[in-house]
Amino acid sequence: ETGVTQSPTHLIKTRGQQVTLRCSSQSGHNTVSWYQQALGQGPQFIFQYYREEENGRGNFPPRFSGLQFPNYSSELNVNALELDDSALYLCASRPREVDTEAFFGQGTRLTVV
Amino acid sequence: GENVEQHPSTLSVQEGDSAVIKCTYSDSASNYFPWYKQELGKRPQLIIDIRSNVGEKKDQRIAVTLNKTAKHFSLHITETQPEDSAVYFCAASSSGNQFYFGTGTSLTVIP
Numbered sequence: 001e002t003g004v005t006q007s008p009t010h011l012i013k014t015r016g017q018q019v020t021l022r023c024s025s026q027s028g029h030n031t032v033s034w035y036q037q038a039l040g041q042g043p044q045f046i047f048q049y050y051r052e053e054e055n056g057r058g059n060f061p062p063r064f065s066g067l068q069f070p071n072y073s074s075e076l077n078v079n080a081l082e083l084d085d086s087a088l089y090l091c092a093s094r095p096r097e098v099d100t101e102a103f104f105g106q107g108t109r110l111t112v113v
Numbered sequence: 001g002e003n004v005e006q007h008p009s010t011l012s013v014q015e016g017d018s019a020v021i022k023c024t025y026s027d028s029a030s031n032y033f034p035w036y037k038q039e040l041g042k043r044p045q046l047i048i049d050i051r052s053n054v055g056e057k058k059d060q061r062i063a064v065t066l067n068k069t070a071k072h073f074s075l076h077i078t079e080t081q082p083e084d085s086a087v088y089f090c091a092a093s094s095s096g097n098q099f100y101f102g103t104g105t106s107l108t109v110i111p
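Top line first, the protein sequences correspond to chains X and P. Heads up: the first sequence is residues 1 to 113, going by this note's numbering. Heads up: the second sequence is residues 1 to 111, going by this note's numbering.
Keep in mind the hints are simulated off the structure, nothing from the lab. We put the CB at the ideal spot given by N, CA and C, even for glycine. Watch out, some of these pointers could steer you wrong.
[What the hints assert, rightly or not] On the chain P side, residues computed to face chain X include the following (Cβ under 8 Å): (1) Pro-34; (2) Asp-49; (3) Phe-99.
[Unchecked claim] Derived DEER-like restraints, expressed as beta-carbon distance ranges: (4) X:Ala-38 <-> P:Ser-18: 45 to 53 Å; (5) X:Gln-17 <-> P:Glu-15: 43 to 51 Å; (6) X:Pro-95 <-> P:Glu-39: 21 to 29 Å.
Bound-form chain P, shown alone (with noise of 0.2 Å):
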């Protein structure tokens, strides 16, 4: 089956600062991945996402790229507000499947 590695696993950023978060997978049919980000108690909120025929792509202040050959995907912050302070997981998924989430990233913004 597919697994999802994540790195890293804590992230301390001034605010204004990026973030980035990197993400591997071994199942080259993979082709759909997404992001979640997931407040203290809450449920897991997609922020972006992305589908194997895209290299990258951009929602204000998050970008997502894609690299197929090497099967790794990153998460990209700017300007990071305290408000982005939450845990991210990276998943894959293909075709309808269930997804395989990573182990999760704490970031941390500090004003």
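Bound conformation, chain X alone (with noise of 0.2 Å):
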């Protein structure tokens, strides 16, 4: 309904493993967001993507990467999963000349075990 997918919906992990998750934007939307949203908490930048290069990155660590593409898809990558990383990710999309709402994915859900 939004126009931005993510993939997988859901992802179980063990501790130490690495994730790749999955976001594609609406056309025209050149910036996008990466969101980390813990049980009960609003959601904490990871990061945003502005023309395929990173500009501007929250308080995670470098295992925290992330990618964006010319089709408006972008990923983020997890490298040595920590039980604390579980978490829903939310990317977000918007057009980065207008102030404007951002769109929503509807989240991957993933669980380190």
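Starting from the two chains in their separate frames, assemble the complex, guided by the hints.
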């Protein structure tokens, strides 16, 4: 309904493993942000990409990395998973040139065991 | 960076009463303030937003006010209904940059 889709919707990984989460944005949305939402908390900003380059980063370690592609899709990669990485991961996209709402994907629920 | 504080963390109102949620922000460069509603297990959905050149905005039962001098903004829901029960998040952003979210308010509307 927002034109932003994420995959997979649910994922279970083992501590120490690596994971890649994907987001497909609306056409024309050249800015994508990734957020981590722990249970009962507000979304915490991980990083933002604009025209395939990272242009903002929150307080997350380097094992959180990302990519943005010319077709408006993006990835969030997390290496060396820790139990505390268990959360809902949301991507949000919008056209950067206009102050407008961010359109959220439905999220990926990551559980690290 | 920006710091957004949100109060209260939980709010219970009787159906038909009003609900008010308040947020403060720290960065005077912030110029866009959306409010999102998130139902359990679902994505945040925009319910209303306001830009820094406007002091108040209304959309049916929902209104938002902004005081730039005091750096605070509030969400007002009138004639609350049970389907208004959800978690509400305020956020602040500046010129296309990332959103900084508040910690959320869990609103329960009692029938």
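Cross-check of the supplied hints:
no.: 1; hint: Pro-34; verdict: 6 Å, holds
no.: 2; hint: Asp-49; verdict: 6 Å, holds
no.: 3; hint: Phe-99; verdict: 6 Å, holds
no.: 4; hint: X:Ala-38 <-> P:Ser-18: 45 to 53 Å; verdict: 30 Å, violated
no.: 5; hint: X:Gln-17 <-> P:Glu-15: 43 to 51 Å; verdict: 47 Å, holds
no.: 6; hint: X:Pro-95 <-> P:Glu-39: 21 to 29 Å; verdict: 26 Å, holds
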